[in-house]
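**Student:** Chains as they are written, first to last, in the working numbering: chain A, 42 to 459; chain B, 42 to 459.
Some hints could be false.
Copies of one chain are not kept apart here, so a pair can be met inside one copy or by any two copies together.
Cut-off 25 Å, straight-line C-alpha distance, at most; resulting in silico cross-link-like pairs (DMTMM-like, lysine to aspartate or glutamate) [what the hints assert, rightly or not]:
#1 Lys331 <-> Glu78
#2 Lys423 <-> Asp324
#3 Lys423 <-> Glu78
#4 Lys301 <-> Glu55
#5 Lys327 <-> Glu198
#6 Lys363 <-> Glu172
#7 Lys363 <-> Asp138
#8 Lys331 <-> Glu318
#9 Lys423 <-> Asp456
#10 Lys327 <-> Glu78
#11 Lys423 <-> Glu198
#12 Lys363 <-> Glu78
#13 Lys363 <-> Glu55
#14 Lys252 <-> Glu330
#15 Lys252 <-> Glu55
Rather than coming from a laboratory, the hints here were simulated on the basis of the structure.
All figures in this text were calculated on a predicted structure; none of them were measured in a lab.
There are 2 protein chains.
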Amino acid sequence: MVTALLLAAGAHAEHGRILLALAFVLVGAKLFGSLVERLGQPTVLGELAFGVLLGNAALLGGPSMAPLEASETFAILAEFGAILLLFEVGLESTPRDMMAVGIPATVVALVGVVAPMALGFGVGRLMLPGESWMAHAFLGAMLAATSVGITARVLQEARAIRTPSARIILGAAVIDDVLGLVVLAIIAGVIRAAGEGTALGVSGILVIVLKALGFLVGAILIGSFLSPRLFRHALALRSTGVVQALALAFCFGLAWLAAKAGLAPIVGAFAAGLVMEDVHFEDHLKRGEKPLHESLHALTGLFVPVFFVRMGLLVHVENFVKPGVIGFAVLITVAAMIGKWACGLVTPRGVSGRTVGLGMMPRGEVGLIFAGIGATLVLDGKPVVSPETYAAAVFMVVVTTMATPPLLLWSLRRDGGV
Amino acid sequence: MVTALLLAAGAHAEHGRILLALAFVLVGAKLFGSLVERLGQPTVLGELAFGVLLGNAALLGGPSMAPLEASETFAILAEFGAILLLFEVGLESTPRDMMAVGIPATVVALVGVVAPMALGFGVGRLMLPGESWMAHAFLGAMLAATSVGITARVLQEARAIRTPSARIILGAAVIDDVLGLVVLAIIAGVIRAAGEGTALGVSGILVIVLKALGFLVGAILIGSFLSPRLFRHALALRSTGVVQALALAFCFGLAWLAAKAGLAPIVGAFAAGLVMEDVHFEDHLKRGEKPLHESLHALTGLFVPVFFVRMGLLVHVENFVKPGVIGFAVLITVAAMIGKWACGLVTPRGVSGRTVGLGMMPRGEVGLIFAGIGATLVLDGKPVVSPETYAAAVFMVVVTTMATPPLLLWSLRRDGGV
Numbered sequence: 042m043v044t045a046l047l048l049a050a051g052a053h054a055e056h057g058r059i060l061l062a063l064a065f066v067l068v069g070a071k072l073f074g075s076l077v078e079r080l081g082q083p084t085v086l087g088e089l090a091f092g093v094l095l096g097n098a099a100l101l102g103g104p105s106m107a108p109l110e111a112s113e114t115f116a117i118l119a120e121f122g123a124i125l126l127l128f129e130v131g132l133e134s135t136p137r138d139m140m141a142v143g144i145p146a147t148v149v150a151l152v153g154v155v156a157p158m159a160l161g162f163g164v165g166r167l168m169l170p171g172e173s174w175m176a177h178a179f180l181g182a183m184l185a186a187t188s189v190g191i192t193a194r195v196l197q198e199a200r201a202i203r204t205p206s207a208r209i210i211l212g213a214a215v216i217d218d219v220l221g222l223v224v225l226a227i228i229a230g231v232i233r234a235a236g237e238g239t240a241l242g243v244s245g246i247l248v249i250v251l252k253a254l255g256f257l258v259g260a261i262l263i264g265s266f267l268s269p270r271l272f273r274h275a276l277a278l279r280s281t282g283v284v285q286a287l288a289l290a291f292c293f294g295l296a297w298l299a300a301k302a303g304l305a306p307i308v309g310a311f312a313a314g315l316v317m318e319d320v321h322f323e324d325h326l327k328r329g330e331k332p333l334h335e336s337l338h339a340l341t342g343l344f345v346p347v348f349f350v351r352m353g354l355l356v357h358v359e360n361f362v363k364p365g366v367i368g369f370a371v372l373i374t375v376a377a378m379i380g381k382w383a384c385g386l387v388t389p390r391g392v393s394g395r396t397v398g399l400g401m402m403p404r405g406e407v408g409l410i411f412a413g414i415g416a417t418l419v420l421d422g423k424p425v426v427s428p429e430t431y432a433a434a435v436f437m438v439v440v441t442t443m444a445t446p447p448l449l450l451w452s453l454r455r456d457g458g459v
Numbered sequence: 042m043v044t045a046l047l048l049a050a051g052a053h054a055e056h057g058r059i060l061l062a063l064a065f066v067l068v069g070a071k072l073f074g075s076l077v078e079r080l081g082q083p084t085v086l087g088e089l090a091f092g093v094l095l096g097n098a099a100l101l102g103g104p105s106m107a108p109l110e111a112s113e114t115f116a117i118l119a120e121f122g123a124i125l126l127l128f129e130v131g132l133e134s135t136p137r138d139m140m141a142v143g144i145p146a147t148v149v150a151l152v153g154v155v156a157p158m159a160l161g162f163g164v165g166r167l168m169l170p171g172e173s174w175m176a177h178a179f180l181g182a183m184l185a186a187t188s189v190g191i192t193a194r195v196l197q198e199a200r201a202i203r204t205p206s207a208r209i210i211l212g213a214a215v216i217d218d219v220l221g222l223v224v225l226a227i228i229a230g231v232i233r234a235a236g237e238g239t240a241l242g243v244s245g246i247l248v249i250v251l252k253a254l255g256f257l258v259g260a261i262l263i264g265s266f267l268s269p270r271l272f273r274h275a276l277a278l279r280s281t282g283v284v285q286a287l288a289l290a291f292c293f294g295l296a297w298l299a300a301k302a303g304l305a306p307i308v309g310a311f312a313a314g315l316v317m318e319d320v321h322f323e324d325h326l327k328r329g330e331k332p333l334h335e336s337l338h339a340l341t342g343l344f345v346p347v348f349f350v351r352m353g354l355l356v357h358v359e360n361f362v363k364p365g366v367i368g369f370a371v372l373i374t375v376a377a378m379i380g381k382w383a384c385g386l387v388t389p390r391g392v393s394g395r396t397v398g399l400g401m402m403p404r405g406e407v408g409l410i411f412a413g414i415g416a417t418l419v420l421d422g423k424p425v426v427s428p429e430t431y432a433a434a435v436f437m438v439v440v441t442t443m444a445t446p447p448l449l450l451w452s453l454r455r456d457g458g459v
């Protein structure tokens, strides 16, 4: 009976769960965000903290969040948040702005991938001497990922997104994302091939690299050409809301293409934001259309907190507060922090190395995804990432992610730009 | 390899599918909406038509939309659209406005449930003489559902939402929704009990009725009390976006509660909109918060087209264009139209009966859900709703849904209000 009613209402368990979760996330994010703001901290820290509290409520006798964590729809809504945030951030720059920081950003990104990988590999050899070099390399790759969402949000909240440091961080984080995913794909390929008793060919590696690079260059070149033409032709459409619809379609379309090229959808969303400029839809605004940033604001207001609360939700405190794990966890966390801090050593004059190093630090959900893939890869009959290593990786992700907002805000304030 | 990459990108098939679907829906809805607008038709008709085209693309050699149709996430995004639309519509009225049309709306709703049920029962006896009275009653119940989304959208597009006819239609549609779901739950209960060789007790029926009524009365009374207090206390929160976050949390929360009470989530969203008034967050606006309707506009711009395109997507043309089905289909469609047209006979003086009758006509997704439940109910070893009856029900839903926007707009224009 109840089933029939809920079905009749088009609201079986998953529909209800998502509605309730959104209501909770909206209220909780505002309460916690407001609280940390009073303490001079960025709102995003409050959202992360609310997520951690929610995710570990069962430890305090509250309800289990396991069904919400496992919900694919909730994951997609969270991803919308990340996509819309990076699109919004991309809108604040043009390809020319990014080109201007192209060389220093690439250098920073290379250091930001190589240094953590080397340190992670070293920690692996030291602490897990029984494992093969491939397991050590995978550990290194896990430390290489940068999650640009947290940093982008802090820079945005501090109104520092147009500073040279911010541009270098964003450019480097995007390049880093590309490099990190390429490295991951190569190592995972090598391990899989080893599991099958073969070796990953050079052509296989080349395909991965070319797809990723092809997407980035293609998206920016073709996108810059298409965007103004798209909006000009759209003047023929008389409906209202054309700018918002086209801009979002462009953003979602490039995010989809990025995923097809083996990259994170947020890389595509950022590229879409980069190539789209206010001047492209000037004529629409004259006709009374709402400016894009106004309509985006409402969407990010709903979905961005979902992303950060969900990121907190995925943290299982009980997993890494164990004597056997905590030492290893601290060691790889230090390696992860020093590795990214090294980025600050190669910034050009006039750009705060401290800010860049801190901005590159958070691993966020990218680190969790890397660790999750490692747990499914099998080498010599056991997973490349053991449960203990996984717990340590989660600890590293939590610390680098939660520590970044306050540290980065502090650094931006010391830079004097805020 | 590809799997690893897509996973690494957080974008396995479902994530990619949803991103691509949204990009398509946004562009397609604007193109088709703009096209029908030039023909003097409401935009929503273009969105429905685009959905039908997309859903039947496979017939023309295009790709199959089966995975998108089956996607739970896409269904939830579409439901967001309906929820946000009804919330927005509810915001344009107050409980007092609705009370003022309470008696005529209730009379219209009662006629709108009883007349189609009686006609549907009659068609069942005539065309399916071999079936039991319960199957005939279920056929009647299928014709009773009103889908307020289409009508609300047309009224909104025509800027007629504050007219007396509009208030009667909206009030009646909500009451009708409640009555329809209660009737469905009772009949489904009777059929299930018969299948088990027992009978549904009076207490079982009472619980269904009381939960539904309890929700409606409770939501409006408690909501009216809570809403101003909620926003007043929220003045303590210094973050931006508080109005939007709280209003959406209130809307999603009531939608969830409605589902828990066995009603459609959109009934809860409408109630949330009714009780919330601009004056409740006046002080927030003075602090520089965006007015609620502005932020809602961006959200409805994204999700409402998803709802209508998806509704078109679910129409499988090949199922009811069959000689054995079409006669029966036409007959129940006529019964469904006459049944709701009867609503127009009981409207008070000064309110256009034609407009009210047409406004109550669309069955939309509610009719599809009813038919779907019937297909899962078993009586004497066969489904209560046979594949042929299901196809006929889909035809009825399509015709009443697609015919409403142009007819209602024509009627509103003749009323002279537009």
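**Student:** Hint by hint, say whether it matches the structure.
**Tutor:** Hints, verified against the model:
For a Cα distance limit of 25 Å, the shortest separation of Lys331 from Glu78 across copies, 20 Å, qualifies, whereas the shortest one inside one copy, 30 Å, does not. Taking the shortest Cα distances, Lys423 and Asp324 never come within 25 Å of each other, neither inside one copy (60 Å) nor across copies (61 Å). Taking the shortest alpha-carbon separations for Lys423 and Glu78, neither the intra-copy value of 45 Å nor the inter-copy value of 62 Å comes in at or below 25 Å. Proximity of Lys301 and Glu55 under a CA criterion of 25 Å is satisfied inter-copy only: 12 Å between copies versus 28 Å inside one chain copy.
For the homomeric pair Lys327 and Glu198, the shortest alpha-carbon distance between copies (22 Å) is at most 25 Å, but the shortest distance inside one copy (29 Å) is not. Taking identical chains as interchangeable, the C-alpha atoms of Lys363 and Glu172 lie at most 25 Å apart only when both belong to the same chain, with a minimum of 22 Å there against 66 Å between chains. In this assembly of identical chains, the alpha carbons of Lys363 and Asp138 never lie at most 25 Å apart, being 47 Å within a copy and 61 Å across copies at closest. Both within a single protomer and between protomers do Lys331 and Glu318 lie at most 25 Å apart by alpha-carbon distance, with minima of 15 Å and 24 Å respectively.
Taking CA atoms no more than 25 Å apart as the test, Lys423 paired with Asp456 passes in neither setting, with 48 Å inside one copy and 75 Å between copies. In the homo-oligomer, the alpha carbons of Lys327 and Glu78 lie at most 25 Å apart only across protomers (21 Å), although the nearest pairing inside one protomer, at 37 Å, exceeds that limit. In this assembly of identical chains, the alpha carbons of Lys423 and Glu198 never lie at most 25 Å apart, being 44 Å within a copy and 61 Å across copies at closest. Taking identical chains as interchangeable, the C-alpha atoms of Lys363 and Glu78 are never at most 25 Å apart, the minima being 32 Å within one chain and 64 Å between chains.
With identical chains, the CA atoms of Lys363 and Glu55 are never at most 25 Å apart, being 34 Å at best within one copy and 36 Å at best between copies. Taking the closest pair of Cα atoms, Lys252 and Glu330 never come within 25 Å of each other, the shortest separation being 37 Å inside a single copy and 44 Å across copies. In the homo-oligomer, the alpha carbons of Lys252 and Glu55 lie at most 25 Å apart only across protomers (21 Å), although the nearest pairing inside one protomer, at 36 Å, exceeds that limit.
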